[in-house]
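Undergrad: Sequence:
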Amino acid sequence: MNEAQLRSLIPAVITVLCRRGADFAAAEDAVQEALIEAMTAWRDEAPRDQKGWLITVGWRKFLDASRSDSARRQREELSSTRPESPPPPEVDDTLRLYFLCANPSLTSASAVALTLRAVGGLTTRQIADAYLVPEATMAQRISRAKRAISTATLDEPGDLSTVLRVLYLVFNEGYSGEIDLATEAIRLARQLADGMRHPEVAGLLALMLIQHSRRRARTAADGSLIPLSEQDRNLWDTAAITEGVTTLQAALADDQLGEYQAQAAIAALHADASTVRETDWVQVVEWYDELVRLTQNPVARLNRAIAVGEAHSARHGLIELSKLDASLPRYSAAEAYLRERDGDLETAARLYARAAEKATNLAERNHLVKQAARINSALS
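Under this note's numbering, the letters of the sequence shown match residues 1 to 380, in that order.
Any given hint could turn out to be false.
Distance condition first, Cα-Cα at most 20 Å in a straight line; then the derived SDA-like pairs of lysine to any residue [said to hold, decoys possible]: (1) K358 x G343; (2) K358 x V292; (3) K358 x R374; (4) K323 x L362.
Simulated restraints, written as ranges between beta carbons of each label pair [what the hints assert, rightly or not]: (5) S380 x E135: 22 to 30 Å; (6) A250 x V282: 23 to 31 Å; (7) A109 x L345: 25 to 33 Å; (8) R354 x L169: 25 to 33 Å; (9) D194 x A326: 27 to 35 Å.
Note that these hints are calculated values from the structure, not bench results.
Beta carbons: idealized from backbone N, C-alpha and C, even for Gly.
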């Protein structure tokens with residue numbers, strides 16, 4: 001049984017149940033139960049019509065859950081006697097669920113969880129494991145999200161920027177538990193790109209592919225971080241880079257630049273260089289200029305300051321950095337790097353240590369501690 005293929009059917013099945021009369025929350029619950037049953041029933045051999053099987057079992061699960069409610073029983077009788085209109089293409093069903101699950105009224109965490117359930121077809125336990133939270137906590141989060149959009153319908157328009165932000169949040173979670181969220185985000189982004197032609201959808205897919213291409217080179221055997229400048233570029237996935245660059249070029253040809261295309265262009269410039277020194281840092285700065293213009297994002301400004309330091313001099317980079325708020329995430333780490341390149345090792349060591357104290361995860365903290373220790377060792 002191909003679990004990924006099975007999960008790809010979930011959006012279409014949920015949509016069919018909704019058209020038959022189930023509300024979104026009930027339909028999603030019923031399809032999840034059908035999915036769990038399928039994983040057992042199809043262990044040896046899957047049925048020829050997998051989607052039809054899931055619809056039949058999911059509808060039965062819904063009816064079983066709603067029989068005690070007289071209003072729903074009337075709706076059940078009505079839906080069983082009226083002719084069923086043919087469903088639209090499956091990709092349209094998926095797009096509708098994307099927009100429904102990425103409802104702007106939801107918090108980012110809730111939108112991500114609901115997208116992984118309804119569009120990704122993951123179980124609550126799988127999502128909880130991926131986010132390292134108890135299953136009960138994730139179940140409550142998903143339930144609250146479904147209640148929040150209970151009055152929304154599949155035909156209501158959604159916000160594409162929210163959909164893309166949710167997918168990028170999923171991607172940035174990387175890997176934890178039995179679900180590889182980065183790979184799952186790429187799968188979902190492909191699905192979205194197949195369903196609609198939009199330069200920012202293509203830009204996001206390109207960005208994910210290029211960033212993901214460096215995955216094997218990012219960490220050492222002991223789990224420690226390997227910065228871009230020290231990565232073995234022979235480990236980069238050239239096929240993913242090629243696909244990402246091709247996808248980006250097609251998006252840029254539409255001449256509707258957006259933030260994900262700009263980020264993908266920066267990633268492509270890094271991927272195109274054989275070494276850090278050979279990177280076209282002047283172009284990187286130019287793309288950061290575009291990104292800052294589009295988003296006014298302070299983190300983009302911080303990364304631009306580092307790129308300026310590479311393109312011109314560490315002193316120029318420090319001047320750009322000084323224009324920013326020192327409380328920004330990774331400000332101390334950026335300043336430490338530029339101070340070291342400028343020859344001020346004592347200040348760099350102190351700033352690396354300060355950055356380590358502010359690190360948001362263990363791998364990053366250990367990396368910064370090692371940087372401070374390396375410089376202190378050189379000074380002693």
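Undergrad: For each hint, tell me whether it holds in the structure or not.
TA: Right, here's what the structure says about each hint:
With a CA separation close to 24 Å, the supplied pair K358 and G343 exceeds the 20 Å bound. Distance restraint check for K358 and V292: the Cα-Cα separation of roughly 25 Å exceeds the 20 Å cut-off, and the hinted pair is therefore not satisfied. Taking the CA atoms of K358 and R374, the gap is about 19 Å. The hint holds against a cut of 20 Å. This hinted pair does not check out: K323 and L362 have alpha carbons roughly 29 Å apart, beyond 20 Å.
Between S380 and E135 the Cβ separation comes to about 50 Å, which falls outside the hinted range of 22 to 30 Å. About 25 Å separates the C-beta atoms of A250 and V282, a value consistent with the hinted range of 23 to 31 Å. For the pair A109 and L345, the beta carbons lie near 41 Å from each other, so the given range of 25 to 33 Å is not met. One distance hint, 25 to 33 Å for the beta-carbon pair R354 and L169, holds here, with the actual separation near 28 Å.
Hint check: D194 to A326, Cβ distance near 44 Å, so the stated range 27 to 35 Å is violated.
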